[in-house]
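**Q** Sequences and hints are given; from them, build the entire structure.
2 protein chains.
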Amino acid sequence: MKAIIYIGLKPGVLDPQGRAISRSLNDLGFEEVTKARQGKVIELDLTAEDPAAAETRVTEMCEKLLANTVIESYRVEIED
Amino acid sequence: MKAIIYIGLKPGVLDPQGRAISRSLNDLGFEEVTKARQGKVIELDLTAEDPAAAETRVTEMCEKLLANTVIESYRVEIED
Chain D
1 MKAIIYIGLK
11 PGVLDPQGRA
21 ISRSLNDLGF
31 EEVTKARQGK
41 VIELDLTAED
51 PAAAETRVTE
61 MCEKLLANTV
71 IESYRVEIED
Chain P
1 MKAIIYIGLK
11 PGVLDPQGRA
21 ISRSLNDLGF
31 EEVTKARQGK
41 VIELDLTAED
51 PAAAETRVTE
61 MCEKLLANTV
71 IESYRVEIED
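Residue numbers (our numbering), protein chains in the order written: chain D, 1 to 80; chain P, 1 to 80.
Hints were generated in silico from the structure; no laboratory data involved.
Copies of the same chain look alike in the list, so a pair counts if it works inside one copy or between any two.
List time: in silico SDA-like cross-link candidates among lysine to any residue, alpha-carbon distance up to 25 Å: (1) Lys-35 with Glu-55; (2) Lys-2 with Lys-64; (3) Lys-2 with Val-13; (4) Lys-2 with Gly-29; (5) Lys-64 with Arg-23.
All of these numbers come straight from a predicted model, not from anything done at the bench.
**A** Spelled out as structure tokens, the structure:
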């Protein structure tokens, strides 16, 4: 089973990486870019049988290790 | 218009971040995790009218700046 976790900064949190990206793109002539935000994707391979139970466990992983829940939000997808 | 770009290491490229994640999860008792890979997501706000033209431009951005195509692959999604 596979879990895909999307982690991004919460709205309102300053995103210096995103600003650097949009400025660089503008400098390169991509003037249609008005804003950029950067996040992470983590793909996990799991030895699990039950998708619902796997989702609970992966949420626990996010809370304990993968996401900084003060400034980041996350979304979990489970795939067979 | 919005573009979402997923950037990940190509298969076979060493992923030290991913290894650190899977080892840390195992150490925390999440023994069902057998492998982890970490990638990036970049979300762009665009002032563009035509989705097909926007996709071409965003692909150009990936080739020129956003992805290191020697070791990374990317996927572009355009949203209204």
